[in-house]
Amino acid sequence: MTAHAIPADLHPVEPAYRNVLRVQAAMFWVPLFAIAVVVDRLLLAEMPFGGLLPVAIGLIGLSGLTVAPDRIYRRLGYAMDGRLLRTVRGWLFHTDSVVPFIRVQHIDVTRGPVDKMFGTASLVVHTAGTHNSVVVLPGLSPDRAAEIRDAIRGEIRADAE
Amino acid sequence: MSEAVILPLNEDLLGPPERLHPLYLLTGLGKSVKGAWGLLAGGAVLGAQGRWALLIGIGVAVAVATVIGLLVKWLKLEYRVGRDEIRIDSGFLSRTSRVIPFDRVTDVDLEQGPLHRLFGLARVRLETGASAGSKEEDGVLDTISLDRAQALRELIRAHRRGEAAAPVTEAVAEAPALYAMDNRRVATAGLFNFSLAVIAGLFGVSQTFGDVLGFDPFERSFWIGILSRAEPLRNLVISHQIVAILAGTVLLILLGVATGLIRTALREYGFRLDRTESGLRRRRGLMTLTDVTIPAKRVQAAILANGPIRNRFGWWVLKLQSLAMDGKKGDHVIAPLAQEEEAAGVLASLDWPVAPSAGSWRRVSRAFVTSYAAIVGPPALLALAVPFMGAAGLSIVAALPLLGVVASIWTLIIPFLIGARWLSWRRTRFAFDSDTLFVETGWWRHRRRILPLRKIQSIDLAESFWGRAFGICTLRLGVAGGGGFADHHVPALSREEAQSLRARLLSQ
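Order-wise, the sequence lines are chains A and B. Heads up, the final residue of the first sequence is numbered 161 in my numbering, and it's a clean run with no missing numbers. Heads up, the final residue of the second sequence is numbered 508 in my numbering, and it's a clean run with no missing numbers.
Hints in this document: simulated from the structure, not taken from any laboratory. What you are looking at is a predicted structure, and each value in this text was computed from that prediction instead of being measured. Hints may be right or wrong, so weigh each one.
What the hints assert, rightly or not - Ranges between beta-carbon positions, derived for each pair:
| hint | chain 1 | residue 1 | chain 2 | residue 2 | range |
| --- | --- | --- | --- | --- | --- |
| 1 | A | A146 | B | R468 | 29 to 39 Å |
| 2 | A | S63 | B | Q499 | 46 to 56 Å |
| 3 | B | V205 | A | V109 | 55 to 65 Å |
Claimed, not checked - Short derived list, chain B residues pointing at chain A, Cβ under 7 Å:
| hint | residue |
| --- | --- |
| 4 | S458 |
| 5 | D460 |
| 6 | F465 |
| 7 | T474 |
All residues carry an ideal CB built from backbone N, CA and C; glycine is no exception.
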C-alpha cells in the first residue's frame, strides 16, 4: 500500500471570479437594501430605531460587496493529479473534497450570463454518491475547465459497480 | 411517455401478447378500496344521518365504476415476453408502451397478498436502476399466476447468465438457508420492536378523546368499571388515584408491546434468506408474502443497527444499502434480529467482513462532547443570571414572559443532553482494515457502517468554525444509493487524523 500523496499544490481560480462574486452579491444585496429603505420610510419612520434597518443592511451588503469576494476567492483552490480532483473552499464552513476520477459519472461545464461577462466557467462533477454527489468548481477560465473535463473524461468508467 | 407511443412490433423477437390473470378484477379491488377511505368516511356520515337511499345509490355507483375501471385496465394491459426484453402496453386514454431490456433488470421481486396466495397468483415488480431516485415503479405486473411469475424470473436470470431460457425447475433440494427466523426469534424481534411512538400516540388519544371514547386508563372511573367484579382491587383503585395511573401506564406499555409483536409477526414471519448465484434472496411475511432478490454487485454498504436495549442482548439488525430501494422503505433488511456471528455469516457469503481485526478500532476526539456542551451549556447560565438582572439594570430582559421558566427547564435538561452525547461518544469509533472502512456511531440509534473502499465515491473533509475552535473536523463519505438522509461520516477527528485517514482511503 503505497500512500499516494494527495495533491497539495492548490491552484487559485481566475482573478476575474472576484468580479463574478461582486455582481452576484450586488444582485442579492441591492434589491434587499431598496426594500429595507422602503420599509423603513413607510413603516418604521416613527419608531425610536427608525433608520437603523437600512443602515445595518447597507453595511452588511457593502461588506458583502467589497470584503467577502476577496476572501472567498482567497480561500478557493483546486488541485489535481492523474487520479483525483481536489477542491478546497470556505473558512466559516470549510470543506475539502476529493473525487477520484474513476468515480465520476458525468461532467458539466456551465456558464451563466455573469460568467460570460467576466470570462469564467464552472466545472460540475457528478458522482454516483447520494451525498456530496455534485462537486462544483467555479471561476475557471473556459479553456481550463474544458481541459480538466477532457482529462477526467478519459477516466470515466461505464459502470457504477 | 403519456401520449400514445406505439412502438413497432417485431413478432419474431417478442412473444405472444399475454394478459394479467382474470382474478386481477378481485385482487385489484383491495387497492381501490384502500384508495377510497374518503368515500367510506363520507358514507359513514350519510349513514349516521339516515339518508340510506342516497348512500346505497352512491355505493352502487362507486362499486360499478370501480369494477368497470378495473375491467378496462385489465383489457388494456398487455405484456409480451421476448427473448431479450419485456414489453408492457397499458392505459386506455393515455397509452403507455414500456420496454424493459432484461439486461437492465436487476431485481425481480414477487409479492403475494392473502388473495394472491389463495389463488396461486403473484405480483411481479421488475427493478431497474432507474427507480432508485424516483417514486414510480419500473415495471409492475399486478396479478399473474405464480408459475408464470417464476418462469419469468427464471428467464430473466438465465438471460443474465447468458444462457438460453432453461425450463423452470423447482429447486430440488434447497440448500440450507443463510439465515432464517423461527417463531421464537420472530417473537423476540417483536418484543424489541415495541414502539414508543405508539405508546405516546395512545397516551395522546386517551387524554384528548378519552371522555368521548370512554377510554382513559388514567382515570379511576375507567378501572372501577372494569374491575367491578374484583372487589379488593376495585377498592384499591377507589382509594388511590396513583394506582389508576400505574395501571394505566402498564396497560399502555402492554398495548405498545402487543403492537410491536403483531407488526413484526405480520412482516417477518417465516423469514428466510438464501444465497443465490448472483446475490441474496429474501422471503418473508405472514399474510403478504414477499420474495425479493438483492444482487450482490449492487450492494453499496452494509449497516448493522441496534440501540441500548438490543445491544445489551447482543442483537443487531442487518441492512444492506443498495442502488434500489426495498419497496419505498429504504435499505433492505436482510436479518431483522441477529447475533454478530450470524451477521458475520451472512456478510461472509458476500465476501464482506463484519468487523475489523482486533485492536484496529480507534476512538474519536473528546471534543465530540465538549464542542456540543459548549453550545447547549451557556443558555443555562441565563437561568442563574435571571435573579441578578434587576440589579444589573436589565430588568426589561428579566421581565420577558417565561424566560426564567424556560431557562430553568433547559438547565434541568442539559445534563441529559450532555450525558447522551457522552454515551454516544463512547460508542463512536472507526477502523480501516482490509480495504474496508468501519464506522460506529450513536448510542440510542447505534449504527455500524461497513463501507468497502471501492464503493466510496467521494471524500469530503468538512470543518466548521465551531469545530475548528475545538480542533475537530468531519470526514464525509459519498456512497451511492440509500435514502435521502443516509449519510456516512466519521465525526470529530483531529485534522491530522482526518487527513491521514483520507490519504489511506485514497491510496488504493
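Right, here's what the structure says about each hint:
1. A/A146 - B/R468: 29 to 39 Å: holds (36 Å)
2. A/S63 - B/Q499: 46 to 56 Å: violated (32 Å)
3. B/V205 - A/V109: 55 to 65 Å: holds (57 Å)
4. S458: holds (5 Å)
5. D460: holds (4 Å)
6. F465: holds (5 Å)
7. T474: Constraint on B/T474 not satisfied, violated at 10 Å.
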